[in-house]
Amino acid sequence: MTIRTEPRRTGSPVAPGTGAPDALLLHPGEIAPGRARTRGPLRREGPEKLTGEAKYADDLVFPGAWFGATVRSTQAHARLLGIDLGEDFDWSKVVVVTAADIPGENIVSLISDDQPVLVPVGGEIQHHAEPLVLIAAPDRETLRAAKRALTVRTEPLPPVFDPIASEHVFAHYEIEAGDLDAGFAGADLVLEGTYRVGHQEQLYIENNAMIAVPREDGGVTLHGSLQCPYYVHKALKRALALDDVRAQVIQAETGGGFGGKEEYPSILAIHAALLALKCRKPVRMIYDRHEDIAATTKRHPAIVSHRTGVKRDGTLVAQDIEIVMDGGAYSTLTPVVLSRGAIHAGGPYRCPNIRIRARATRTNTPPNGAFRGFGAPQTEFAAETHLNRLADALGIGPLDIRRRNVYRTGDTTPTGQVLLESVAGEEVLERGAEAAEFERLLERSARARTKAGGSRSSSPLATGPVRRASGIGLALAWHGAGFTGSGEVKLASVASVELTAAGQIRILTASTEMGQGTKTIFPQLVADALDVPYEAVEIAPQDTAFVPDSGPTVASRTAMVVGGLCIKAAERLRATVESATGGTFAATYRDHARQSGGVRIDQKFEPYPGVHFDDETYRGDAYPAFGWASCVAEVEVDLDTGEVAVTNVVAVDDVGRVIHETLAEGQVEGGTLQAIGYATIEEMKLHDGRYLNDRLATYLIPTALDAPRITAILVEAPFSGAPHRAKGVGELPMDVGAPAVVAAIHDATGAWIHELPATPERILAALGATTAAPSPTVPAGRRRVEGAIRAPIDEGTDPRPDAPTDPQPLRGPQK
Amino acid sequence: MPVEPRLEVPRTLDEAFATLATAPHRPIAGGTDVMVQITGEIGPAPDRMIDLWRLEELRGIALDGDVLTLGALTTYTDIRRSAVCREHVPALVDAAATIGAAQIQNRGTLGGNVANASPAGDTLPVLLATDAEIVVGGARGERTIPVTEFWVAYRKTGLAPDELVLRVRIPLPAGREVRFRKIGTRRAQAISKVVMALAWRDGGRGWSDVRLALGSVADRPIRARTTERALEGRRPTAETADRAATTLAGEIEPIDDVRSTADYRKVVAARVLHRLVRDAGGW
Amino acid sequence: MNIRLLVNGSPVELDVPGMRRLLDVLREDLGLTGTKEGCGEGECGACSVILDGQVVDACLVPMSQVDGSTVRTVEGLARRPARSPDRRLDELQAAFLATGGAQCGICTPGMLMAARAYIDAGGGPDEDAIREAIAGNLCRCTGYTKIVEAIAQAATPQAEV
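Protein chains in written order, with our numbering: chain A, 2 to 816; chain B, 28 to 310; chain C, 7 to 167.
Just chain A, with the same shape it has in the complex:
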């Protein structure tokens, strides 16, 4: 279901008004002629995916290809003293690459230059699973034998695992507005709370995969699973000392990314390329699931503390927020994740006095990185849970406290941005509450609680007469659309639309398809702009040899920013052809192409007018526009065991304008389930800086039986700065699911869970049934009870995950 929202304008719009009525803005009930609002064309690459013909990286065949593997650290912090090739192995059969073999710079190019491609001898290993040596062999058996025959010598160094205690700061921000002391002085109630969120693994069903093919010209072509061809391209150029042409990156069909393939593929690409250039053969590096989980980036864990002052009627008067994020061992994208987390930390609410202090620190754990939401799910979980607790403390409903405080058009954010247009917080809040029958169900569970109340047995080992309790919870979020601050300007993205000499219409962008529908909506937008049938518009493969750098496929910017560039390029193409031919584009373009030899229009990103952000002071317009989302979740909690079933979810997302209803719903449904998993069962435990849940049997995501019924409602609060008025959808649903579930758990049980995931263990501990709750900062090993397993397992590592310590395949032979 799609609901169109009246745009509310109280000030000047972001884009200068043209005076003419905007044909893209529709009022409820209206249908613009020529723009039939159907569900959208069928997914362009759909049939190939459904018949098994779509080729993902591991499906590609390169005759004579070798297999590559990575020797990784089995310690969290150590000095690498030496690499020893065993005498009993014939090393002439394989190639070995160390840091000394890197032709360019031993740096993974991203933001800070702190991460090496491979740790050099004499250098410092900073995390478990850090890459040390690469090996390639003609077959898997030889590769396996070579790995066994290679050993590394290390000297352990003291590791740091606590992000709060760590003194190595990757980034810090401070955002302040108003007078905090005065705000607290005027508060009727002050509430404090600390909230923790753990790692979350992106768990794309296709593991990271790269195949490097050496070129005749001394360069290398990479085929792989990736989100950002030009990130990989840049990283290859730097590490391998190649130019734009000799480093070539081609995206293969990609089986999910969610941010997990934003920056990590650069590392894998460099590894595969180094091996391929040394052995002069194609090299396949396809991770298995265990290596992928053990070694690649995850969502940043965070500890978020709130101290909040409110009036008796629920009005927010003071917010003091502190954020600590665990960046892992290297900076990667941490400064940007922290930035987004900080900007969104207060929640979508008006509060005149606010201070947000955020820092991200280094720990000796694998580096964390991008994952859908990018800092906002962490801080908005804390903000929403804290607000729900405030409502509870005041005796005000969770809906009412939000009605009172939610941003309206004309309000100012903590960075000093005035929200001029496209503000839909109230809309999504009301739609969600209405669709989910929130107030009625909230009252129903209150009545059930009253009836059942006090009949629980006093002994924690006994059951009460009622086994299951239902609950309902609500959350609201905002999510800045596109890159933060001047990020988009710095990217200077280009998208092109080309009319080839043969009369084909082609879109050239680096935006990747990974399931969200890029290959469907770009032709749709361009076809609309050119007024030609959808089938007439092709989209070129994401190959750096042919497509311009349209920036990374991240930050929910693909439809909004790059789609916008495609529309503008198409409009210019249309104007060019129509002025040359005197007829309509649709009628004349084929002839014109043949006669003129074709036309290519490159459209470069132009800054949104009136959007200014100061990167130094962190003041101004953090984003050109914000998206808004609400979520209402119903749960059923087994009071005996603390098990939570999420039964129904209503997810309402404002996307500016719906370009393709089915695809947009798909993003909302998928993002919502990832948020549900984050809230309930996706737990990543660590021991000595190593992930314990490093297989699919132990890192658990929801199955179809665990997934709730999800109702996606799309709201449109158009953004005038984009030619199609769209704002992006991918990440928005990720910000609201978890706090809604935690609120529902509270409604069902009376327990507030401050830590994600809200596992049964944490729920029973919060209810006082068990004596202690596990905390992520306490290493699991320390809490082990000497139980029935008295003898250590000395037959070697146990392969089944129900052993007290999980197997360590990365524990290679070590002197």
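Don't read these hints as lab results, they were simulated from the structure. Each hint should be verified, as a subset may be incorrect.
Unchecked claim - Here are the in silico distance ranges between beta carbons for each label pair:
no. : chain 1 : residue 1 : chain 2 : residue 2 : range
1   : A       : Thr577    : C       : Glu34     : 21 to 31 Å
2   : B       : Ala45     : A       : Glu88     : 33 to 43 Å
3   : C       : Glu34     : A       : Arg573    : 26 to 36 Å
4   : C       : Glu34     : A       : Gly611    : 54 to 64 Å
5   : C       : Pro163    : A       : Lys605    : 50 to 60 Å
Treat the numbers as computed from the prediction; the structure is a model and nothing was measured. By construction, the Cβ of each residue, glycine as well, lies at the ideal position given by its N, Cα and C atoms.
The hints should help you fit chains B and C onto chain A, whose structure is shown.
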């Protein structure tokens, strides 16, 4: 990276016995445990394996008077579909339904669950609670091992290297009730945190022949005998439930691991038992 | 070992080690890359195929156990290849396309085989039964909503083409 160890594929049970008599061979049935364990990533892969899948002598579910016999190669799907199992040991059907999902149930076998000897094996508490017997055999002949003596240590069974699990015999005494409950992290494809089977006979003056079996709370599936004694001869009242729950929490010594904590397992095992007694007593 | 089996209706004869995984034979020896490897441990279902009428994880099946068997993979569902001019998807694939049941597509082949096995065994449009039938197939993109919708559509009797 998958490994491909040498494999013997006997066509008959006698051929299998003869092969095993020559040297140790790691058996594979449905493969749902073994194929994960032998990848060579984690410790050395076995040198020799023996594929049991073709041995029809190990298939079949037979009801003979008051004994139900299931061949070792009976899959979880076979159990779920078996009218005989549904009627006579519904708790075993319940257990089979909680294992993995369709793909695993179509291949995983009862014999495999028994021989794999995981402390978390989901059918194993049902076998303990029903006084099952494991019939094993080799070139030297067959013997019957009571299930209480079958799992001798962590992942170790009483099987000799030249023996295979042949069948499982479940006695079906009149009037016996069996209940099964598994607590896992999610609703499918989950290794249990606690798994329990409770059996009793109710002659009208209190429960008799009480059997309480648990998995995932020790290094092997166990009978909680002290708690059984607390239930034996009692009616399923609130007092009985309270006492049994407390006794169980004191009797078991689970551990913290990647899935859960000792504390949680103790409390939840006690509560699951309490709830089972409450449900049986109808209060 | 010498193994003979039917793959998507075509007879295949191979000489392979008995412990070679069916998944590797399909993908590498037969070039049928539609079946995917997501975990290699029977947890994700991306490698699901229909073996003698039952859905199984091909990563857990050694070749020695499929001599004389019938295997169906995703490549055997459609009536014609995707790129051919007279391509026709079967009703299950068509339903996935219409509802949006495939996003990144990596879980889709396995999901289709689990759904196909369910429908062939008489499964109907009951949502709970469908969810149980695909509980062994992990999807990270869709939230399962449109997958369940597609299977329900295909499992509804009038959908049979």
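Hint check results:
1. Thr577/A <-> Glu34/C: 21 to 31 Å: violated, 50 Å
2. Ala45/B <-> Glu88/A: 33 to 43 Å: holds, 41 Å
3. Glu34/C <-> Arg573/A: 26 to 36 Å: With a Cβ separation near 48 Å, glutamate 34/C and arginine 573/A fall outside 26 to 36 Å, so the hint is violated.
4. Glu34/C <-> Gly611/A: 54 to 64 Å: holds, 57 Å
5. Pro163/C <-> Lys605/A: 50 to 60 Å: Distance hint for proline 163/C, lysine 605/A holds at roughly 55 Å.
Of the numbered hints given earlier, the model fails hints 1 and 3; all others are met.
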